Amino acid sequence: MEERRNSRNVMKKRRRRILSSLKAVFVILFLGWTAFPLYWLVITALKPDTEIVTYPPTLIPLHITLIHFSNSMWGGPGISNAAIQGIKASVIVAGSSTVLSLIIGLFAAFSIVRFRTGGGNLSFWIISQRFLPAIIFITPLFLIYKTLGLFDSYQGLILAYFLFNIPFAVLILMGFLQQTTVEMEESAMVDGCSRLGAFLRITVQLIIPGLVVTGLFCFLFAWNEYLMAYSLDAVHVVTLAMIIPRFRSAHDVLYGEISACAVYSVLPAVVLALALQRYIVRGLTFGTLKG
Amino acid sequence: MAVGLAPFVYAVALSFYKWPPYPTLPVTWNGIANYLAMLSDSEFWNALTVILKFMVVALPIEFLLGMIVALVFADFRPRIRNAISSFVLIPTMLAPIAVGATWFLMFTGVGPIIYIFSLLGLPYIGWLSDPNYALLTIIIADIWEWTPFVAIVFLSGLLALPVEPFESAKVDGASEWQIFKDITLPLLRPIVFVVLLLRTTDAIKMFDIPFVLTQGGPGDLTESISLYIYHVGLYYFNPSYAACLTMAVMVMVTIIITLYMRFIYREGSSFGGEEK
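Taken in sequence, the protein lines are chains U and W. With numbering that gives the first Met the number 0, letter number 225 in the first sequence gets 224, and the count goes up by one each step, no holes. With numbering that gives the first Met the number 0, letter number 251 in the second sequence gets 250, and the count goes up by one each step, no holes.
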């Protein structure tokens, strides 16, 4: 009896050990699967042209050059697209649409949370607008912009991103506002603050983290977005995301420049992924899950 | 909000008109002819099939893999867990267009995948141009981009679960599988629904990755519905028919959202934060 129990314990221990080493192998495989394409992107940008197209490919670059980074950033021989222009446009568009979404989103969220504007259906409507594919807005926006002269302009793209970000901003900010209480505002109002003053001085101070998270996600959306930028702009406004595929034409693929430009576009996302860790789940699920 | 409605109302109206082939001609009323044309448009049905195939393969893999990753990560110490989670989430935060570019480099003729296949003695596959594999490249890129998201959301769900049911189940001698099947999964259901809703609507939106990787080809085998509407609306410049296609997508998405929402509300999660 004693012996049998012992052997059972040994078996159990062995099974647990096998399971934990399986887990370790799985984690390593998953990390490798995540990291390898990123690694490949970076080393393709660093390899000289001749080495990029050699077969078999070199898993560790033999020579390292920064030529693709400078070519794609400033333009170079035979390369008319410069990432610096794209970065400028992206910063302007993403920055302005983010500020706009934050300001309007904050007041919209406040009125929904405190005064129950629109009742329950309004927030449902806001959510569903965000789930609709961007392509739905593209054709009408394109025609409207052509008529209004907003096509290929900063204002047009900023407005488009604002329209897309505002439901998201409202939802996330609603989540943060629900965690504050109306009593604090009321006590500030007793002390002589106006309703607006109480909101700005008390409540807004409390949800600054919420504003930061919302802002960063709105910014990232506009920074990463491709379809609207590509459809609503052509020459004057060229965002960074629009430049990446331009290094690939029907007869020629500038692998090095594509990679270098993709690395530029990826950097803010990587920084945000590492910095926003605490709020990422909330941001990515439109505030539906608190994380 | 009203500003957001304007393009939409315009699209509804547009879908009942006929766009002239030359800009000098007037736009004419077309009734429901666009909608009838859509029903017999083989490219429209093809685009829907592409999306459906994509979802049927990609979503189960993302959910299964994501769940395993979440369960494994949940056992780690918080500091390690947070570090790994932020690293793993990088693909999800990238511009989809950059994800497409990355996997273009991976699958191209001088890329590592073809080389690794030859090292393993597997046959040569021209991934991006082979009709049998082109859609698979998009699925793989999507799995790479979105599995971390699914995993991290599940992980945050797992960590927020109450401890008591697990302890009492352990006392009762339930096996790990039983605990997972009878306690963890039912408790996670609201979160699974939210993620499913997000991933389904994202799949319908899919544009950037096929745009860079395969440009809808070979033929129209990887032409997603967004890509098709883009081609019709802005490439062949038939905005009224594009608007009509748009309405179809709109109806589909609305039905999907309504169905999911019903489930989610029934599960009593704080979706939209109304009950609070």
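To be clear, the hints were calculated from the coordinates, so they are not data collected in a lab. Any given hint might turn out to be false.
Taking lysine to aspartate or glutamate and the EDC-like style, the derived pairs with C-alpha atoms no more than 20 Å apart in a straight line are [to be verified]:
no.: 1; chain 1: U; residue 1: K12; chain 2: W; residue 2: D181
no.: 2; chain 1: U; residue 1: K12; chain 2: W; residue 2: E163
no.: 3; chain 1: W; residue 1: K169; chain 2: W; residue 2: E42
no.: 4; chain 1: U; residue 1: K22; chain 2: W; residue 2: D219
To be clear about the criterion: a stretch of chain W counts as covered by chain U if any three or more of its residues have a C-beta under 8 Å from a C-beta of chain U, and this derived list gives those stretches [unchecked claim]:
no.: 5; segment: 50-57
no.: 6; segment: 78-89
no.: 7; segment: 100-108
no.: 8; segment: 142-154
no.: 9; segment: 191-203
no.: 10; segment: 207-220
no.: 11; segment: 224-235
Owing to the predicted nature of the structure, the values given are computational and were not obtained by experimental measurement. Don't be surprised by glycine CBs; every beta carbon is placed ideally from N, CA and C.
Run through the hints listed earlier and report the numbers of any the structure violates, in increasing order. 1, 2, 3, 4, 5
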